[in-house]
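K.L.:
The chain contents come next:
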Amino acid sequence: MVLAGALAGCAIVPQNRRAKLADPTMAIHEDPLEAAQREKFHSTREGAAGGDGSTAGGGCGCR
Amino acid sequence: MALLTALVGAGRARADGADPLSDAAILGRSPGIRVESVRVRFTQLDQAGTGYQSQAGPPEGPGSQQLVVSTPQAELVVKQGRKLSYRLEVPFDIVTAASPDAVDIVSSSSKRNEAGSIDLTTTYQSAPETAVFLRGAFHLEENFRSWTLGAGVTHAMADDNAVLSASLNEVIDWFDTYDVHGVPQGHVWRTSSNANLGLTQLLSPTTVAHVGYGGTLQRRNLGVTWNSVPLLGGGLGPELLPEVRHRHALLGRIVQALPWRGTLKQSYRLYLDSWGIVGNTLETQLYQRLGRGAYVRGLYRLHHQSAADFFTTRAAPGLEHRTADSDLDGFTAHSYGAKLVLVGSTPSVREVTFDLGFERYHRSNDLRASLYSCGLSLLF
Numbered sequence: 001m002v003l004a005g006a007l008a009g010c011a012i013v014p015q016n017r018r019a020k021l022a023d024p025t026m027a028i029h030e031d032p033l034e035a036a037q038r039e040k041f042h043s044t045r046e047g048a049a050g051g052d053g054s055t056a057g058g059g060c061g062c063r
Numbered sequence: 064m065a066l067l068t069a070l071v072g073a074g075r076a077r078a079d080g081a082d083p084l085s086d087a088a089i090l091g092r093s094p095g096i097r098v099e100s101v102r103v104r105f106t107q108l109d110q111a112g113t114g115y116q117s118q119a120g121p122p123e124g125p126g127s128q129q130l131v132v133s134t135p136q137a138e139l140v141v142k143q144g145r146k147l148s149y150r151l152e153v154p155f156d157i158v159t160a161a162s163p164d165a166v167d168i169v170s171s172s173s174k175r176n177e178a179g180s181i182d183l184t185t186t187y188q189s190a191p192e193t194a195v196f197l198r199g200a201f202h203l204e205e206n207f208r209s210w211t212l213g214a215g216v217t218h219a220m221a222d223d224n225a226v227l228s229a230s231l232n233e234v235i236d237w238f239d240t241y242d243v244h245g246v247p248q249g250h251v252w253r254t255s256s257n258a259n260l261g262l263t264q265l266l267s268p269t270t271v272a273h274v275g276y277g278g279t280l281q282r283r284n285l286g287v288t289w290n291s292v293p294l295l296g297g298g299l300g301p302e303l304l305p306e307v308r309h310r311h312a313l314l315g316r317i318v319q320a321l322p323w324r325g326t327l328k329q330s331y332r333l334y335l336d337s338w339g340i341v342g343n344t345l346e347t348q349l350y351q352r353l354g355r356g357a358y359v360r361g362l363y364r365l366h367h368q369s370a371a372d373f374f375t376t377r378a379a380p381g382l383e384h385r386t387a388d389s390d391l392d393g394f395t396a397h398s399y400g401a402k403l404v405l406v407g408s409t410p411s412v413r414e415v416t417f418d419l420g421f422e423r424y425h426r427s428n429d430l431r432a433s434l435y436s437c438g439l440s441l442l443f
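Line by line, the protein sequences give chains W and H. The letter at position 7 of the first sequence is residue 7 when you use my numbering, and the numbering goes up by one with no holes. One rule links them: number in my numbering = place in the second sequence (from 1) + 63.
No false leads were mixed into what you were given.
Some chain W residues near chain H, calculated using beta-carbon distances under 8 Å:
hint	residue
1	12
2	26
3	33
4	34
5	37
6	41
A few chain H residues facing chain W, derived, Cβ under 10 Å:
hint	residue
7	108
8	265
9	268
10	270
11	277
12	279
13	320
14	344
15	364
16	370
17	391
18	392
19	424
Everything labelled a hint here was simulated from the structure, so no lab data went into it. Ideal Cβ positions, reconstructed from N, Cα and C, are used throughout, including at glycine.
Looking at chain H on its own, in the form it has when it is part of the complex (with noise of 0.2 Å):
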């Protein structure tokens, strides 16, 4: 009798759409559209210095490089069920009080210029272990527009202990393009192709490594196009450079708790790229707590470089290539900073996240910034 009244129970289950195995019957109701986070942060970045690209002075060079940027930023987390995730930030530039230069006889972009961003990511829960995920992207800004297309998969081994995770990006940029003497020539776009393999594996209780490559290829006007370069006999001339760029990231991270409540984080990067350009990036981070809801975080990043093959200041006429950028000369830069995060919990936000940051960055041909940063989460 019990077995007759178990098979109509079930049969009854089946008659209602609810099958007493199904999923929704062993792990309940799909939770539906749910916040899982909320990120917002802003930083301040105070520049100073001189670069010989720049025409805000004399014209013999170097001219300066003044800056000033506000960027707050926003990000949403939101999960669809249990399987569907999407990942939305949205950050903008606010540059103000930017060194004026030839491009503003047309433009205002260099005296003030707004520039956002819209940057979507849903990511698909295939299987327990394996994630596979779409990106896509659109930036705006005076005379810039960029699209960036990308697909890539993470996969979890060995009961979570190691994370494959590869990704292929797609970038289209289309921007106005000037003279030395700020005078419109139309159009010009340029494209980044771009592949990365990452491997994150724990190697004891207390420490974890990760190490990636990304490789890119880039095409095109691979310049900003008013950039200038003071040439030997005198005057100016323009920015010219290699349409093919080919470039090479090797990272290498690890992570290690520390007997005093503290964790140390050291990083090196290796960059080579076919433009001749050699990089080297230390970063280590100290994080000390200062009990269950607060820490802080000391940084240090030493960064060398190697200067292009057709880096000058004084360019002979009839070179192939030549660029006067101080971003592509041979520098050493080193930057410090100090972070403090508090962190609390309320009845309906799991983990509420404060934290207050400054970093000073300065590099030995001549750049300073110092960056102010707020930030504020919410894991719901």
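Pulled out of the complex, with its shape left as it was, chain W reads as follows (with noise of 0.2 Å):
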């Protein structure tokens, strides 16, 4: 986090050079509907995956 803090100083891209940044696949973050569904599937098969936040929902996915 610190490292990343320090490059937010360091890199500045003007609006007008954004164009590429504007594709859907260059999206950070997934679909959000597909990120819930995969990061459900691990967190309930994976002891390591979860603990972030999620919701936990229940049965077999309670963790």
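Given two chains presented individually in distinct reference frames, assemble the corresponding complex, making use of the accompanying hints.
P.N.:
See below:
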């Protein structure tokens, strides 16, 4: 996080050079429904997944 | 005379309640309530494999973990005025063909189980670069209730080159408890207190990076309550878990545009917890545009984790903590998949996106799953 904070001060990309960044394939986060589904799949099967604030769910999705 | 006319005009405007320098006069009337986007998705999961926590097999285990789950999801994003927006997500799980075990003596939760959630996030744009949000969620299924309350903030800096985010969540689960023979033992609960920090940074006109940290403290009953553990002398005993779990997850992700109209996304996640589990996850996604209205995505994910300190498939009597849950075992998991995305527009819908995907998951301790999905999103 400290390294990232330091990087934040180094790179400035002006608005008129962000055309490629606007492409949906460049999105840093996945489609929200797909992300939720994949997160639930992994967090209910892997003890080392989850722990990042996602809704727990029940039954086999208890962790 | 012209100045007098202008002053009189301005005075009339004020008398009518229409200040010529007001937000409404300059920006136009408030847009009211409008739908920003609608998304629907359907996922079918088909799972096979075995685990020692399951009683759907020989007494000494392992038992079957066969499972079929259909998950329809819907999401609606509505904007009210210029500063308020609401995101409503409603996912359902319809579990069929799960391996029945002892809990089915008193319930049918392993045979057929419908579960649903309502998840509402309200976001207020308090300044052009700052948004705060509140989140409330409720999950309901046959023997389980869960409530989530959350709040967070995002703040953009340096002309949107960097975005900082922070959030807090509190989750309370309340559920029925059973012994290993399926006899109900009343209700138990647990809490999860979670804090997240994230930073997204533009590194170049073709590169974006994200780092995040999530920390969670879980307390009280942290199991499903009907998991069993094979005992050294024969027979089955209950799973015994610590009542506290500290969890830490650190995530790094980088997105890089490629010269041949492709995109590479690479992420790494490190996980540590107080039960002795250490996890490392690498994921690579490669996108390739096929034209203006279509692209494909290939995915590979590698996950490795160590076992919980108290994992065992043959527990000696007298152990304070024990589990045979294969999810808490040490294993390596591989996932690979592909997705086709078609993008178009209509006169009334700014962007229509349809996708079709497949993902295969297999684990070194005998668990396999196939996920089939399709999604439709409308952006207005």
